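Participant: Sequence:
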Amino acid sequence: MEKAIFSDLTKKKRRNIMSKDLKLSSLEWKEFKLNDLFERIEKGKCQNTNKETKESINGVSFLSATLNNNGVSGFVEPNYLLQKGNCIMFVNQGDGGAGYSVYKKEDFISTTSNSFGYAKWINRYTGLFVASILCRFKEKYSFGYGRTENRLRKDKVFLPINSKGQPNWEFMENYMRKIEEKQKQKAIKYYSDKIKNLQNSLMKNKFDLNNIEWKEFKISNFFEVSGTITTHPTKLKPNGKTPRITCTSTNNGLDTTYDNEPTEKGKILTVDSATIGYVAYQENDFIATDHVEKIMFKNGKSMNRYLGLFIKQCIDNSVLSKYGYGYKFSQNRIKKQIIKLPVNSKGQPNWEFMENFMRKIEYKKLNIYLDYIKNKTATN
Numbered sequence: 184m185e186k187a188i189f190s191d192l193t194k195k196k197r198r199n200i201m202s203k204d205l206k207l208s209s210l211e212w213k214e215f216k217l218n219d220l221f222e223r224i225e226k227g228k229c230q231n232t233n234k235e236t237k238e239s240i241n242g243v244s245f246l247s248a249t250l251n252n253n254g255v256s257g258f259v260e261p262n263y264l265l266q267k268g269n270c271i272m273f274v275n276q277g278d279g280g281a282g283y284s285v286y287k288k289e290d291f292i293s294t295t296s297n298s299f300g301y302a303k304w305i306n307r308y309t310g311l312f313v314a315s316i317l318c319r320f321k322e323k324y325s326f327g328y329g330r331t332e333n334r335l336r337k338d339k340v341f342l343p344i345n346s347k348g349q350p351n352w353e354f355m356e357n358y359m360r361k362i363e364e365k366q367k368q369k370a371i372k373y374y375s376d377k378i379k380n381l382q383n384s385l386m387k388n389k390f391d392l393n394n395i396e397w398k399e400f401k402i403s404n405f406f407e408v409s410g411t412i413t414t415h416p417t418k419l420k421p422n423g424k425t426p427r428i429t430c431t432s433t434n435n436g437l438d439t440t441y442d443n444e445p446t447e448k449g450k451i452l453t454v455d456s457a458t459i460g461y462v463a464y465q466e467n468d469f470i471a472t473d474h475v476e477k478i479m480f481k482n483g484k485s486m487n488r489y490l491g492l493f494i495k496q497c498i499d500n501s502v503l504s505k506y507g508y509g510y511k512f513s514q515n516r517i518k519k520q521i522i523k524l525p526v527n528s529k530g531q532p533n534w535e536f537m538e539n540f541m542r543k544i545e546y547k548k549l550n551i552y553l554d555y556i557k558n559k560t561a562t563n
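Our numbering runs 183 ahead of the 1-based position in the sequence shown.
Keep in mind the hints are simulated off the structure, nothing from the lab.
Incorrect hints may appear among the rest.
Stated by the list, open to error - Computed list of lysine-lysine pairs in BS3-like fashion (alpha-carbon distance at most 25 Å, straight line):
1) Lys323 with Lys424
2) Lys237 with Lys379
3) Lys369 with Lys559
4) Lys339 with Lys213
5) Lys347 with Lys367
6) Lys557 with Lys372
7) Lys237 with Lys288
8) Lys505 with Lys398
9) Lys337 with Lys365
10) Lys505 with Lys523
11) Lys337 with Lys206
12) Lys237 with Lys339
13) Lys398 with Lys518
14) Lys401 with Lys523
15) Lys226 with Lys216
16) Lys495 with Lys484
17) Lys347 with Lys365
18) Lys337 with Lys398
19) Lys213 with Lys228
20) Lys450 with Lys495
Unchecked claim - For each label pair, taking beta carbons as the anchor points, the in silico distance ranges come out as:
21) Ser384 with Tyr510: 35 to 43 Å
22) Asn404 with Asn383: 28 to 36 Å
23) Asn380 with Asn404: 28 to 36 Å
24) His415 with Lys377: 44 to 52 Å
25) Ile544 with Asn333: 48 to 56 Å
26) Gly423 with Asn231: 44 to 52 Å
27) Lys226 with Lys505: 39 to 47 Å
28) Arg334 with Trp304: 43 to 51 Å
Nothing here was measured: the structure is a model prediction, and the numbers come from that model.
C-beta atoms are modelled at their ideal positions from N, C-alpha and C, and glycine is treated no differently.
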């Protein structure tokens, strides 16, 4: 009973604080050494990824020296290298990642290129606040000037302070809670509108893959296959919005974004022709590395996201484990590759069915996600 009353009072206090206008400019700020903020700083423990870890889809996060995906580059089985979460991660080395910081909630295994700061003041909200400020050190460190432990401990950061001249953790937490609440409300509106639009566009028929006829076709029957223009690494301009598509088999082939003008139109499929033949749908205009092929409809037919994702999966099902370094998914092999597609009563690909089937899947997933956001909002 007492616990419930305390919980209610805490929630009311948070609501009152969050209703106030929390401004970063309303408080005094002070400089602190990182060594004075953290009770301990320790390095990642994994020295040899291949020998000391084993990949596992349901494993723990494996952290590397990257600024993408909150430092997560994969998932591995937990072992003696496991380190505790609820800390701030510092990327010490790496081309593009050095100087990056992020809050880590979950337990993890990490390479020795990263360090981790632990302290009693760290929670999800204070961790996010401080980590976002610490990211300014990306301007200081680089591949040629890494962050050593000595440099890390001597680095200084400005933080809002209370009347005693100490970091104002309460302000930082409530400031981040307010930002999170605003984002949640935006997300609820966005996904509610998206679900409504999908409801209006979905056709009133069954979307059962088992009750529709399938037929084999060559990719070249309906699609043009060609190469992309290679944007050389020396020509890349950082800090832009143009996606750079590579031969990587994750994250839709995306490296990161650059300030270059796009050389390729979006709404097509891309294929990695250098390694395993990874296929991805590209919604936006982009630039590319070499060995990135593209698949688009013949005769100017438009490929939207729903069609693109369905066709991608059909290609994946047909080429599973077929291509690799010694047998590449080249342009000629792409053209000749046989795939199975749903057909209509005339024996032609049923594009309408494919599109609406994917819309139906998205509709279900969005409803699940919207419920999750609403419930999370209600319990915070």
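Participant: Now, for every hint given, state plainly whether the structure supports it.
Facilitator: Verification of the supplied hints:
At roughly 23 Å between alpha-carbon atoms, lysine 323 and lysine 424 fall within 25 Å of each other, so this suggested pair holds. Distance check on the hinted pair: lysine 237 and lysine 379 sit about 43 Å apart at the alpha-carbon level, beyond 25 Å; violated. For the hint pairing lysine 369 with lysine 559, the CA-to-CA distance comes to about 14 Å; that is within 25 Å, so the pair holds. For the suggested pair lysine 339 and lysine 213, the alpha carbons sit about 10 Å apart, so the restraint of at most 25 Å is met.
Restraint check for lysine 347 and lysine 367: not satisfied, since their Cα atoms lie roughly 34 Å apart, outside the 25 Å limit. Under the criterion of a C-alpha separation no larger than 25 Å, the hint pairing lysine 557 with lysine 372 is consistent with the structure, at around 11 Å. Of the pairs offered as hints, the one joining lysine 237 and lysine 288 holds, with about 22 Å between alpha carbons and a cut-off of 25 Å not exceeded. A C-alpha spacing of about 20 Å is found between lysine 505 and lysine 398, which places the hinted pair at or below 25 Å, so the restraint holds.
Restraint check: the Cα-Cα separation between lysine 337 and lysine 365 comes to about 35 Å, which exceeds 25 Å; the hinted pair is violated. Restraint check for lysine 505 and lysine 523: the C-alpha separation of about 16 Å stays at or below 25 Å, so the hint holds. With a CA separation close to 28 Å, the supplied pair lysine 337 and lysine 206 exceeds the 25 Å bound. Taking the CA atoms of lysine 237 and lysine 339, the gap is about 37 Å. The hint is violated against a cut of 25 Å.
Pair hint lysine 398 plus lysine 518 holds up; C-alpha atoms about 17 Å apart against a cutoff of 25 Å. Taking the CA atoms of lysine 401 and lysine 523, the gap is about 9 Å. The hint holds against a cut of 25 Å. Our distance criterion of 25 Å between C-alpha atoms is met by lysine 226 and lysine 216, whose separation comes to about 18 Å. The suggested pairing of lysine 495 with lysine 484 holds, with an alpha-carbon distance near 16 Å, which does not exceed 25 Å.
Proximity of lysine 347 to lysine 365 is assessed by CA-CA distance (about 30 Å); at most 25 Å being required, the pair is judged violated. Note on lysine 337 and lysine 398: the hinted pairing is violated, with a Cα-Cα distance of about 65 Å set against a maximum of 25 Å. At roughly 33 Å between alpha-carbon atoms, lysine 213 and lysine 228 are farther apart than 25 Å, so this suggested pair is violated. Pair hint lysine 450 plus lysine 495 holds up; C-alpha atoms about 12 Å apart against a cutoff of 25 Å.
Between serine 384 and tyrosine 510 the Cβ separation comes to about 41 Å, which falls inside the hinted range of 35 to 43 Å. At roughly 33 Å, the beta-carbon separation of asparagine 404 and asparagine 383 lies within the given 28 to 36 Å, and the hint holds. Distance hint for asparagine 380 and asparagine 404: a CB-CB separation of about 32 Å, consistent with the stated range 28 to 36 Å. Between histidine 415 and lysine 377 the beta carbons are some 39 Å apart, a value that contradicts the proposed interval 44 to 52 Å.
At roughly 52 Å, the beta carbons of isoleucine 544 and asparagine 333 sit within the given window of 48 to 56 Å. The hinted range of 44 to 52 Å is not satisfied by glycine 423 and asparagine 231, whose Cβ atoms lie roughly 36 Å apart. The beta-carbon spacing between lysine 226 and lysine 505, approximately 41 Å, falls within the hinted interval of 39 to 47 Å. The beta-carbon spacing between arginine 334 and tryptophan 304, approximately 23 Å, falls outside the hinted interval of 43 to 51 Å.
In this structure, the earlier hints numbered 2, 5, 9, 11, 12, 17, 18, 19, 24, 26 and 28 are contradicted, and the remaining ones agree with it.
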